[in-house]
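Given the sequences, and given the hints that come with them, work out the whole structure.
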Amino acid sequence: MNIEKKKKSWESYQKEIADNHYYFARSCIRQNFFPASEDFFLKVLKDILKKDIYDDPLQTTCTGIAYHSGIIPFETTMVVVARQFALMNEAGYENFVCSCVTSFGIYSEILETWKHFPEKELKTRELLKKATGKEFRIPKNLVHTSDVIYKFRKEIASLSKFRLINKETRQPLKIVDHIGCHYAKIFPEKGIGGAEYPYVLAGLIDEWGGAQVDYPERRHCCGFGFRQYLVQANRGYSLSNSKRKFDSMEPYKPDAIIANCPGCSFFLDRWQYVISEIDGKTYGGNQYGIPVLTYEELTGLILGYNPWDLGMQIHQVAVEPFLDKLGINYCREDKYKGLNGENIGKPISPPNIKIY
Amino acid sequence: MDELFKKLSEDIRFQEGLSACINCGTCTAICPAAQFYNYDPRIIADTLQHHDEQELDALLKSDQIWMCGECLSCKTRCPRNNVPGYLIQALRALSIETGLFVNSEKGRQQLAIKRTVGEHILAYGYCVHIDEIDTVMYPEQGPVWDWMRKNRVQVLNRLGAKYNQSTAGTLRKIPEESLNDLKKIFEVTGANERFNQIEEYSEKKAADLGIQFDSGKDNDYFRYVYSNEKNNI
Numbered sequence: 001m002n003i004e005k006k007k008k009s010w011e012s013y014q015k016e017i018a019d020n021h022y023y024f025a026r027s028c029i030r031q032n033f034f035p036a037s038e039d040f041f042l043k044v045l046k047d048i049l050k051k052d053i054y055d056d057p058l059q060t061t062c063t064g065i066a067y068h069s070g071i072i073p074f075e076t077t078m079v080v081v082a083r084q085f086a087l088m089n090e091a092g093y094e095n096f097v098c099s100c101v102t103s104f105g106i107y108s109e110i111l112e113t114w115k116h117f118p119e120k121e122l123k124t125r126e127l128l129k130k131a132t133g134k135e136f137r138i139p140k141n142l143v144h145t146s147d148v149i150y151k152f153r154k155e156i157a158s159l160s161k162f163r164l165i166n167k168e169t170r171q172p173l174k175i176v177d178h179i180g181c182h183y184a185k186i187f188p189e190k191g192i193g194g195a196e197y198p199y200v201l202a203g204l205i206d207e208w209g210g211a212q213v214d215y216p217e218r219r220h221c222c223g224f225g226f227r228q229y230l231v232q233a234n235r236g237y238s239l240s241n242s243k244r245k246f247d248s249m250e251p252y253k254p255d256a257i258i259a260n261c262p263g264c265s266f267f268l269d270r271w272q273y274v275i276s277e278i279d280g281k282t283y284g285g286n287q288y289g290i291p292v293l294t295y296e297e298l299t300g301l302i303l304g305y306n307p308w309d310l311g312m313q314i315h316q317v318a319v320e321p322f323l324d325k326l327g328i329n330y331c332r333e334d335k336y337k338g339l340n341g342e343n344i345g346k347p348i349s350p351p352n353i354k355i356y
Numbered sequence: 357m358d359e360l361f362k363k364l365s366e367d368i369r370f371q372e373g374l375s376a377c378i379n380c381g382t383c384t385a386i387c388p389a390a391q392f393y394n395y396d397p398r399i400i401a402d403t404l405q406h407h408d409e410q411e412l413d414a415l416l417k418s419d420q421i422w423m424c425g426e427c428l429s430c431k432t433r434c435p436r437n438n439v440p441g442y443l444i445q446a447l448r449a450l451s452i453e454t455g456l457f458v459n460s461e462k463g464r465q466q467l468a469i470k471r472t473v474g475e476h477i478l479a480y481g482y483c484v485h486i487d488e489i490d491t492v493m494y495p496e497q498g499p500v501w502d503w504m505r506k507n508r509v510q511v512l513n514r515l516g517a518k519y520n521q522s523t524a525g526t527l528r529k530i531p532e533e534s535l536n537d538l539k540k541i542f543e544v545t546g547a548n549e550r551f552n553q554i555e556e557y558s559e560k561k562a563a564d565l566g567i568q569f570d571s572g573k574d575n576d577y578f579r580y581v582y583s584n585e586k587n588n589i
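As given, the protein sequences belong to chains V and D, one line each in that order. Using this note's numbering, you'd call the opening residue of the first sequence number 1 and step up by one each time. Using this note's numbering, you'd call the opening residue of the second sequence number 357 and step up by one each time.
Mixed in with the good hints, there may be bad ones.
[To be verified] Estimated spans, in silico, between C-beta atoms of each pair:
1) D:Pro495 / V:Asp52: 41 to 47 angstroms
2) V:Gln171 / D:Pro531: 29 to 35 angstroms
3) D:Lys362 / V:Glu277: 48 to 54 angstroms
4) D:Ser583 / V:Glu217: 27 to 33 angstroms
5) D:Ala563 / V:Asp52: 56 to 62 angstroms
[Claimed, not checked] Short derived list, chain D residues pointing at chain V, Cβ under 10 angstroms:
6) Ala389
7) Arg448
8) Thr472
9) Val473
10) Gly481
Please keep in mind that the hints were generated in silico from the structure rather than gathered at the bench. Cβ atoms here follow ideal geometry from the backbone N, Cα and C, with glycine treated the same way.
Structural data, given as structure tokens:
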């Protein structure tokens with residue numbers, strides 16, 4: 001399909017994204033493995049775009065990973081989600097924005113289920129009341145955090161200090177976009193661009209000066225597979241699916257990968273390290289991997305923030321080759337420093353992939 | 357109607373997941389699990405539309421129903437709006453309820469997930485938590501994770517997180533009132549009952565197999581279900 005036809009396809013899947021006043025729902029995986037990304041998202045919304053967004057200490061996991069692993073019933077997840085909606089109501093908000101793609105899928109699926117099975121919504125209300133005394137109203141607007149960055153991509157571009165351009169060659173940097181399966185594969189109409197041509201990250205690449213990489217396995221799952229990763233015996237599934245993607249994108253020589261899903265960002269980073277350990281293979285050239293960034297990390301870089309304040313030192317695949325191509329001035333020696341420059345040592349360097 | 361099919365038919369995931377499969381194989385072509393396992397979602401859907409109690413019994417005892425990764429790519433692509441991934445959810449729930457999950461190696465793994473993700477939710481309010489993730493159980497985390505975990509207070513402070521603090525923010529301590537709400541929700545919605553089913557059937561299976569069983573992760577049965585690689589990729 002040519003680019004013009006793709007643009008038409010993308011345009012056919014647009015969605016309403018509230019302009020302000022959001023209730024923020026956090027991601028379990030991102031808080032652990034990308035602990036700076038959510039706070040940077042809040043910084044962009046509050047400090048840069050001057051929006052109102054509420055970070056509620058009372059929220060919990062949505063239980064999505066447990067549900068998709070088969071250890072808890074759907075009813076449990078529905079009531080936990082209803083509790084999150086009740087918290088949103090109590091805080092005075094009606095626009096729900098969640099940071100996790102699994103959660104986004106869960107919330108979307110539950111709202112859709114209640115349309116088709118209204119008795120399930122009634123039962124959920126009854127059980128929530130019984131368990132917590134709470135009542136809830138359905139959100140007016142439900143979106144993923146990457147939707148919000150997409151919505152404000154032009155405003156962010158207008159404030160940017162860097163474009164996605166190779167400093168040396170002046171050519172656009174080649175960026176792979178990886179979209180979490182549950183962003184649009186369950187309900188294509190709920191994702192920008194739908195499931196086949198999702199534009200939520202591609203739109204950032206286009207707006208910020210980079211070049212999309214259209215490789216054969218672009219839409220393939222990263223391989224998380226919930227129970228396929230959670231149980232050590234099954235991890236070959238997860239690794240093999242990620243490897244399928246790396247092998248497919250390698251000939252296009254991408255400069256970086258960006259992902260909108262917590263698990264995908266994590267697995268596309270960590271499995272490159274594992275492949276280097278197993279096969280001695282690296283995908284980025286010169287014994288580096290392909291850097292994997294969250295969309296907030298990419299946002300932070302083009303806005304000129306210090307990569308080590310964005311949390312990019314805790315990736316297993318080094319980001320320095322990408323920073324150098326962007327022309328970002330950063331301090332290598334500060335990468336592994338603690339608060340206020342405290343010396344806390346640095347990670348052991350693996351034998352086959354450079355991490356610094 | 358036969359007993360197993362009667363129960364399966366009550367599950368909304370079964371009701372939504374199967375209308376009439378035309379055996380085109382689109383789901384199998386797109387399925388990440390089918391590319392690496394001896395797994396075929398088309399056959400799952402087709403088997404279920406036979407309405408054969410014996411075939412269903414065999415599925416519930418099989419490794420097959422545990423091979424799906426629930427990416428739900430099949431939902432996007434099926435031309436008849438079947439969802440093999442939803443059928444798998446209904447089959448897994450029934451396999452646990454009937455205790456048949458312990459007949460398969462992959463089914464028995466549910467104990468490991470219950471004792472990690474399941475127990476993390478009730479203890480921390482998170483599905484995963486840095487205090488529980490080490491490179492012994494998760495070696496792919498790599499040396500960066502070892503460094504971060506060892507220095508987590510300093511690193512997380514530098515990154516602005518609120519690790520274990522009673523406030524809003526990244527990795528904050530989830531308040532007791534929220535954890536209590538989760539516990540009560542688990543009780544009234546059947547999650548505790550499912551946890552108990554997983555534990556009780558697993559304990560019986562461990563006795564049948566002559567493998568030492570105890571609570572937590574430091575016992576032979578946990579290690580057996582968590583890392584046994586006999587029937588894997």
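Results for each hint:
1. Look at Pro495 of chain D against Asp52 of chain V: about 43 angstroms separates their beta carbons, and that is inside 41 to 47 angstroms.
2. Gln171 of chain V and Pro531 of chain D have their C-beta atoms about 51 angstroms apart, which leaves the hinted 29 to 35 angstroms range violated.
3. Between Lys362 of chain D and Glu277 of chain V the C-beta distance comes to about 50 angstroms, which sits within the given range of 48 to 54 angstroms.
4. For Ser583 of chain D and Glu217 of chain V, the hinted distance range of 27 to 33 angstroms is satisfied, since their beta carbons lie about 29 angstroms from each other.
5. The hint said 56 to 62 angstroms for the Cβ distance between Ala563 of chain D and Asp52 of chain V, and at roughly 58 angstroms that hint holds.
6. Here the hint on Ala389 of chain D is kept, as its CB sits about 7 angstroms from the closest CB of chain V, short of 10 angstroms.
7. At its closest, the beta carbon of Arg448 of chain D sits 4 angstroms from a beta carbon of chain V; the interface hint therefore holds under the 10 angstroms criterion.
8. At a threshold of 10 angstroms, the smallest CB-CB gap from Thr472 of chain D to chain V is about 7 angstroms, leaving the interface hint in force.
9. The interface hint given for Val473 of chain D is met, as the beta carbon of that residue sits about 5 angstroms from the closest beta carbon of chain V, less than 10 angstroms.
10. Residue-level restraint check for Gly481 of chain D holds (minimum Cβ-Cβ distance to chain V is 4 angstroms; threshold 10 angstroms).
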